[in-house]
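*Asks:* Just so you know, the sequences run in chain order A and B.
Numbered according to this note's numbering, the first sequence spans residues 279 to 965.
Numbered according to this note's numbering, the second sequence spans residues 279 to 965.
Where hints are given, some of them may not hold.
Which copy is meant is left open, because identical chains are indistinguishable; a pair holds if it fits in one copy or across any two.
To be verified - The calculated DSBU-like cross-link candidates involving lysine-lysine, where the alpha carbons are at most 30 Å apart (straight line), are:
#: 1; residue 1: K556; residue 2: K626
#: 2; residue 1: K556; residue 2: K465
#: 3; residue 1: K908; residue 2: K724
#: 4; residue 1: K465; residue 2: K442
#: 5; residue 1: K626; residue 2: K458
#: 6; residue 1: K743; residue 2: K365
#: 7; residue 1: K868; residue 2: K851
Keep in mind the hints are simulated off the structure, nothing from the lab.
Number of protein chains: 2
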Amino acid sequence: MNRPPDLTDPLVLFMPSGKRGRFPRGTPILDAARELGVYVESVCGGRATCGRCQVVVQEGAFAKHKIVSSSDHVSPIGPKEMRCAEKRRVLEGRRLSCAATIEGDLVIDVPQDSVVNAQIVRKAAVDRLIERDPAVQLCYVEVDQPDMHKPLGDLDRLKAMLEKDWGWQDLLVEQHLLSKVQGILRKGNWGVTAAIHQDMETARPTIIDLWPGLHNEAYGIACDIGSTTIAMHLVSLLSGRVVATSGAANPQIRFGEDLMSRVSYVMLHPEGRGAMTKAVRDAISDLARRVCEESGVDPDDILDAVFVGNPIMHHLFLGIDPTELGQAPFALAVSGAVHSWASEIGLKINYGARVYVLPCIAGHVGADAAGATLSEGPHRQDRMMLLVDVGTNAEIVLGNSERVVAASSPTGPAFEGAEISSGQRAAPGAIERVRIDPVTLEPRFKIIGSERWSDEEGFAEEADKLGITGICGSAIIEVVAQMYLAGIVSEDGVIDGTLATRSPRIEQTGRTYSYLLHDGAQRILVTQNDVRAIQLAKAALYAGIKLLMEKQGVDHVDTICFAGAFGSYIDPKYAMVLGLIPDCDLNEVKAVGNAAGTGALMALLNRDHRREIERTVRRINKIETALESKFQQHFVDAMAIPNKVDAFPKLSEVVDLPARKTTETADGLAAPRRRSREERMARRNRA
Amino acid sequence: MNRPPDLTDPLVLFMPSGKRGRFPRGTPILDAARELGVYVESVCGGRATCGRCQVVVQEGAFAKHKIVSSSDHVSPIGPKEMRCAEKRRVLEGRRLSCAATIEGDLVIDVPQDSVVNAQIVRKAAVDRLIERDPAVQLCYVEVDQPDMHKPLGDLDRLKAMLEKDWGWQDLLVEQHLLSKVQGILRKGNWGVTAAIHQDMETARPTIIDLWPGLHNEAYGIACDIGSTTIAMHLVSLLSGRVVATSGAANPQIRFGEDLMSRVSYVMLHPEGRGAMTKAVRDAISDLARRVCEESGVDPDDILDAVFVGNPIMHHLFLGIDPTELGQAPFALAVSGAVHSWASEIGLKINYGARVYVLPCIAGHVGADAAGATLSEGPHRQDRMMLLVDVGTNAEIVLGNSERVVAASSPTGPAFEGAEISSGQRAAPGAIERVRIDPVTLEPRFKIIGSERWSDEEGFAEEADKLGITGICGSAIIEVVAQMYLAGIVSEDGVIDGTLATRSPRIEQTGRTYSYLLHDGAQRILVTQNDVRAIQLAKAALYAGIKLLMEKQGVDHVDTICFAGAFGSYIDPKYAMVLGLIPDCDLNEVKAVGNAAGTGALMALLNRDHRREIERTVRRINKIETALESKFQQHFVDAMAIPNKVDAFPKLSEVVDLPARKTTETADGLAAPRRRSREERMARRNRA
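Put together the whole structure using the sequences plus the hints.
*Replies:* Now the structure itself:
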């Protein structure tokens, strides 16, 4: 567009952004989009060969909100566009925006959901629109051939063309490409696709790989490095589509089940740190290879990788000694976002691929919590959001657009089933759902691997095959809540021994009692110690939340998000009955799945999300529970079930609480009569 | 300085820059210098511990050009300054500019020549002031200790302090430091010195290494990778002082003596390219280790490295296939400056050290020519400068501040003695100076390793020890010129057989004649073929120069610089007698030694010189002699000795030319009677 547009020029409206402008007849739609800042992908640079820039062209005078059927507002389909439509997948009703020119007023839809240009990310629990602006871009150029009169080097002519055609200035180039540029240019007959990485505006763009001719594939991985599981999304950077999602066990488990035992391992075996780092890096490479195999993607086409993880996994992944994280003051070696290289990390993806690791919030609130924050966005909305990720520590974020606070609470591994006598990992045969009849005290349950309740026909045969092996982590909450609702456990967490006269399921062991959940090849008991462990864990979680609520000056939260596997499996009702979480409309309590991984995905697909979470993390108010004297008081107060009564003014409103010892209500929830504080104190003294 | 200065504030003048300004009493001199843009080194950041910021303080009212003896214009020496003077070398009469504050009008000399703050580079042939502004800077900071209330990572707190104390924003950090930062901070008790690299303004500064406590040493290497020799300067980046200069043979010689045979080797053995690259990189690491050992420097303190070399060495050093340089269109893989890492190149200096390679001018005019250009600076002055580096190809640069042109001429290896029957490398026993009596035709000469002429007493004994083994490359010019001046060789380059009757030194071999320079254990002859080889070489050189002079539209040059070993040893007079170089005042013909290496040194010590040579190389007009039809004509015309007569209108003015066949003049130069062009043509037809 060489002359300024005037009022006789066609008016063009881009949807859904609503951006509009006038452009001279003959302007390619792609040029108009770029001028207005509308993001339309293109690899070939307007040569109508990559097929990435498809748009839906609606012709007509949009000022009257009416589409005119004449087709003279857009150029007819020419031979280049036809040729591309034959080779690439150009969807019906679409045009290549680089080939189609503006000839009259136009409304243009930039597709958000197609295979080619999708921006929808589909996940188990998340449908989310991530606007794309990835850090890596593919740019095809045709380079001038060598000229003895102007003896610029091959690379220099390539850079000049990338500046001319794509506007890239001051390009750097990865060292390993110096020795390849000659061969690639000649193999492509001077046509070459460059992958260019630029993260921040202040960072110099860098050529990270080159291919002869048009290269039309670029992928990224978003990875959550959990203590037990590594989860990965494989995403097309060109379409935004998630092409595969998978997980693998974290092989560091052999160095210690939980995080602190891995830190202990490093303390005792300083030379073993390298092995732990190598183990997790290799596992990530293996997982990347697997997701690539599953989806027919070449690992060499993975050009960008984003990682989240708790502070200890974050450090071990980056090769940093996590010892400092095992002792006060829990100093992170690095808290800000880390920019690195796949080659430095030793990841077996494209050699020039970049690595971005989200910032850590604090010594116990890691890049995974940052990822979950980015995903759920307490900072993006006005309502008070509580975001909880339960693991060995609970990472807690509370806030809204005005202010966000975060802390971690030492819940211990009880919620993961680790300190529970019959606790086990989620695996076939593990009990995952429980109901206890408050009259008969008889249980019924479901096990992983079977759709039937234990009192349904056909369960016995299935159970024979699977075995009934234990209680899975997330079901512990439900068991204890049901025991409480059935009156087996008091508000103080004491298993009521007097009930032994009413039911043989109440068994005495020494001075305390247990509840026999299942009597088979394996006897599955819930012991007094188990209940105590859950009480301690939930008191720690609740005390942390309460502390943050005080810091925010609120006595309730508007919405609660449970992140992580624990959150996905527990029933929020029972979490509230037990008093894990504060008073809240149950409709506003939701499991958000691997929110940390979703945050990593957002940071992969859009650089602005990287800046967003970096900014947010800097602004988050970090609360160290160990330094807060009130934390202890909150902890003691939260030992009761569901908690000190005044913490739950609305519990009876939220769920229809029947009188104690009635049968189960329709939604599977019953609640006992409340004892007064005095009654409870008296009982506690007796116990 | 929080308030703006007013006229009651003391006036401070910095010398030699002449920069001046008013500053409130109590302002440290270092702060005033920084505010005015006066470069004063400092590592400790104003803590009076590194001793780098020494200045000479002259007190008094400088407006009257008089120094007042009262000492109340500068603060007295305090305990910190005293302590530093005890530990570091603070020279007499100097003050630490960070500790001494302004208390009255002052004249301050920033020393340019001290051990601590030297900016003088002393080289064999070059005394040169290189203003320092290196790409690597050391910055000492004291980092906040970890704080659970503000859980910023160690690295993040370090970066925050580097921003607060030194103004570094948006710092990147080398990946390998992530795992070290914890240990270094704790070892230094939270005091740490960071090495920060920033080349261009547009590049983000990067922490490339860290040391516990105050680290007060930073070095760089400037290296010229020649085909036969690798030359290296080791320089303190803090003082600018060259602490060692050394050289080593290029081990690639085993793959081929000259460049083209190395290219042929790569063409025939593509798998051998890696070995050639490794050989030269290893040799550079070895040389760096050696210069460090010689000067007591830790190779780990080398933080920056600058390289120059001809295009083929440039490519092999960077691991690039040089095959394209062996054939038209002689395409460089990369011509622009290359930024890399010591770790990528595999250099055994500091792991985080950076590498900068100067740009190449053209396929046959390399980064060495760029270095020589930067050193001699044709582009920095108004006179027409000719810069010649003679090797297998002669690299020729001609120009002034208005325009610079460059070309290479295929001189072949004759000037290096390679195609001369008795030619040899410069080594003890090689003839390096020759005089021939035009009456008797008897020679006298000097050999390398002896101070005596061959007709002086004591020479025979020395020659017995050394042996007289051949003619060294640079002496070939002198021998042929002397033969011409003695009338043995005609303007057409023919050895006059009729003289055989006058002297037994004229020997017939087949149809041509030779001159017997020495008759001993080895007979050293100058054959007709030798003279022809020199004629061809000098004609090629002169034709290239003539071509560039035409491009510049000049018929003479103001000054001539001979770069490289060849230029250092030949006598410019004989170069002019033979017609290697055009007419020029002999006082303006000089040998500039390893100008390429000096250019590398300049680029090492001052980033502005990098930008200067990048800009200059982009602007240089590159002439490809193979494409210029006039080159052939110039070549034919330049075969005569000294050349076509009209090329040297002023030769008789420059040197006092006696009539032919007189004895040698006082300055060792005699010249034959000029023959007319007609005479010469007639003789040529006879030959």
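*Asks:* None of the hints should be skipped; say for each whether it holds.
*Replies:* Hints versus structure:
| no. | hint | result |
| --- | --- | --- |
| 1 | K556 with K626 | both (12 Å within a copy, 25 Å between copies) |
| 2 | K556 with K465 | between (37 Å within a copy, 26 Å between copies) |
| 3 | K908 with K724 | neither (40 Å within a copy, 95 Å between copies) |
| 4 | K465 with K442 | within (22 Å within a copy, 51 Å between copies) |
| 5 | K626 with K458 | both (19 Å within a copy, 24 Å between copies) |
| 6 | K743 with K365 | neither (52 Å within a copy, 81 Å between copies) |
| 7 | K868 with K851 | within (10 Å within a copy, 92 Å between copies) |
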